[in-house]
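S.K.: Single-letter residue listing:
Number of protein chains: 2
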Amino acid sequence: MSDEKKIPYKIYLEENEMPDSWYNVRADMKNKPAPLLNPGTLKPLTFEEMRGIFCDELCRQELDDTTAYFEIPEEIRKFYKMYRPSPLVRAYCLEEKLQTPAKIYYKFEGNNTSGSHKLNSAIAQAYYAKKQGLKGVTTETGAGQWGTALSMACAYLGLDCQVYMVKCSYEQKPFRREVMRTYGANVTPSPSDTTEVGRKILKEFPGTTGSLGCAISEAVEAATAQEGYRYVLGSVLTQVLLHQSVIGLEAKAAMDKYGIKPDMIIGCAGGGSNLGGLISPFMGEKLRGEADYRFIAVEPASCPSLTRGKYVYDFCDTGKVCPLAKMYTLGSGFMPAPNHAGGLRYHGMSSVLSQLYDDGYMEAVSVEQTSVFKAAQEFARVEGILPAPESSHAIKVAIDEALKCKETGEEKTILFGLTGTGYFDMVAYGRFNDGEMSDYIPTDEDLAKGLAGIPKFPGNEI
Amino acid sequence: MSDEKKIPYKIYLEENEMPDSWYNVRADMKNKPAPLLNPGTLKPLTFEEMRGIFCDELCRQELDDTTAYFEIPEEIRKFYKMYRPSPLVRAYCLEEKLQTPAKIYYKFEGNNTSGSHKLNSAIAQAYYAKKQGLKGVTTETGAGQWGTALSMACAYLGLDCQVYMVKCSYEQKPFRREVMRTYGANVTPSPSDTTEVGRKILKEFPGTTGSLGCAISEAVEAATAQEGYRYVLGSVLTQVLLHQSVIGLEAKAAMDKYGIKPDMIIGCAGGGSNLGGLISPFMGEKLRGEADYRFIAVEPASCPSLTRGKYVYDFCDTGKVCPLAKMYTLGSGFMPAPNHAGGLRYHGMSSVLSQLYDDGYMEAVSVEQTSVFKAAQEFARVEGILPAPESSHAIKVAIDEALKCKETGEEKTILFGLTGTGYFDMVAYGRFNDGEMSDYIPTDEDLAKGLAGIPKFPGNEI
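Each protein sequence line maps, in turn, to chains P and F.
Numbered continuously in the numbering used here, the first sequence closes out at residue 605.
Numbered continuously in the numbering used here, the second sequence closes out at residue 605.
Just chain P, with the same shape it has in the complex (with noise of 0.2 Å):
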């Protein structure tokens, strides 16, 4: 146990130290994951269908399925230094808790002040926005993390940046809002009045509090309809994993330089960008037969795409405005009951890790609401980090193969994906204090209902 003693608390990389390339987990996929498709012809997404709404360097990343490591550009680099490394802990203090001979460590990617990992993606998609030389980008955003995230390198970039909040958060979570507008975004309830299609869903549900699909629906059109703008996304594509495999390149150099091998790799999975990034270099290692690790995607029991969904082509929005790809899916217009984990509320999931799912190198598992919350607590309490109900999914699964190695007395080493903080998921937490939170778990009747509206097509039967 003498070595032990050396692996710090926490381990910082030095600057020196960061990766310098994102790596693309595709380019060592033996079966790659299916194209985008163009709903029309059905037909793959070329570059010239794509660069519309995406801008170019980002349509290029999405295409490219060969190259294994991208240059992260110096500016994001220096972007990157501000709040990167991202410390990999050691839970001491939990193993102690829990008495478990298991070895415990977590990437937290909280310490910034969207909260999230969700940073990482949108200061590369803003960059090459600003280096196009456009003049802003639109996106929508739900719970409000990926709308911070994407607010904060807009305004680092003075980039214009216009974001379609979810009408119900907008007005229950008015304190995310704030923070956007405190980094000078430019905030609309969804929908709204500002585009044809928040005009036309107004008119048909005058009392509409929205939904996600709406505001992919009206960013996508206010991308389109002004000169100089284009459309961000911060999950499910392809791109995005790329640029969130900065989670898991550090995270392996953080490991490597203290000789520690993870037996385990968990991760929550709502759209698949956290887990992606932290699993991807580590994935490849195994897709290589360089190394063998277990991974395990966790998602709630009230949303479970990859536990209990298909895998077909499907739209990624409810609104069908998007191109269809490849995923475990429930449906677009599978309808999710309340659970306090906003970003995993996603009927889909990446078609990266749909394939390395469907074949067979990735694990999932779902679990339910108050039993993470449970393990957030005891978390929050010993680690003194309070983190976020959809982090916690990937706690909840830690501890308990944490519990497990107790049982057989095994050593084995756990690394979770801690993708952030719950400072503005209080009323969540005040729910689970009170007592007053329960479990959701759709029958097969809710899902069949979703399923039912998967697009039918040849080769495309569920």
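Check each hint, because a few of them may be wrong.
Copies of the same chain look alike in the list, so a pair counts if it fits in one copy or across any two.
Said to hold, decoys possible - Here are the computed lysine-lysine pairs in the DSSO-like style, where the Cα-Cα straight-line distance is at most 27 Å: (1) Lys592 with Lys469; (2) Lys273 with Lys224; (3) Lys153 with Lys240; (4) Lys404 with Lys221; (5) Lys221 with Lys153; (6) Lys400 with Lys224; (7) Lys400 with Lys221.
Keep in mind that the hints were calculated from the coordinates and are not lab data.
Following the hints, complete the assembly by docking chain F onto the known chain P.
M.R.: Relative to the frame of chain P, chain F by itself:
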């Protein structure tokens, strides 16, 4: 400028470089801070008189003005390792934005869930209570930073924590309250019917929303009324400054490591815990004649204890249940006009800092809140951290000093304390974003009212 290149954006100490002792600046002061007085006898408070309120070891620390170093107990060092060392950040992005030749550094204490430096003393006070075999501690909290920090420390040590939270904050800041509850604290809105003094106040002022003074009175009563409980306080006391010296010791060690010598050290000052902690080791050098630094205390124009108060004995609390302290004070009955930096709304100032200021070792300036929020926003946009309103007072003056360097061309090195984050202060940011924030400067008559309440006895004339 090649030397510059070597200084990273963030300097983290290694675990073995972290301080193993706190530094007691009083040991190096020629003019010692005046002792606390028993308000009944007007004689210095003895250990025996004090130990009914504070636990024994803390009484010893409070009274000891000759021992320069107090070893940090192993258990506290372990807890410190969980969230410390805090980064010393080189504000490259801010420097670039300001186009200043000044070199700006800040010691960032906000990367823990309490959101501020308060945790440094909370764990120490909770530890000594636990070690003495006590069951729990009581305290008051206004905005909630201190209450949160104490809740975290108590949760970690398994100590009961009773927080009296000023009623208007309890209602207006439900999220802070929920953080404390998540950490297992018992949070009571003050005034309450759980104490005699609370019941008395409620009877006299049925609709009152409480005050810090009243909450202190309730917390002190609760501590003395329950077997195995003591009262703890988050600022003002010299024991608190002792624990907070860890901020300055880390900052100095980090600067020494890179051969950096600050020309000036800036901090916000409410009760003085952060500023006193940050400057301690540097002030020690100045007091011993080993080095010279400028020290600047920044206070809100609405509550200007150093710049417009009197240096006399006064009550530490509005309820007048606490001992008398000699300090710069506006009078314990002074009611500061609304200011969003709740942590700086205190009528007095640490007796250590008061003495140093009176002896000319330290300067003080006061600033108005709209200018503070303007600086906060500018800082947030380039440095990626949304600062607490309190901390932003230091930012404001650091920016002012950096701009002076721009005029003169001097390459001064500025160090300031960034005590915490503003994630629970978004109501204030919202008012600023909406252009609805105003400034309040007390008139001479306003001040005269507060000063009139200062106790009068021989040698204590204004």
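S.K.: Hint by hint, say whether it matches the structure.
M.R.: Now for the hints, and whether the structure bears them out:
no., hint, result
1, Lys592 with Lys469, "within (19 Å within a copy, 73 Å between copies)"
2, Lys273 with Lys224, "within (19 Å within a copy, 40 Å between copies)"
3, Lys153 with Lys240, "within (18 Å within a copy, 31 Å between copies)"
4, Lys404 with Lys221, "between (29 Å within a copy, 25 Å between copies)"
5, Lys221 with Lys153, "both (22 Å within a copy, 12 Å between copies)"
6, Lys400 with Lys224, "both (19 Å within a copy, 20 Å between copies)"
7, Lys400 with Lys221, "both (23 Å within a copy, 23 Å between copies)"
Violated hints for the displayed structure: none, as all numbered hints are satisfied.
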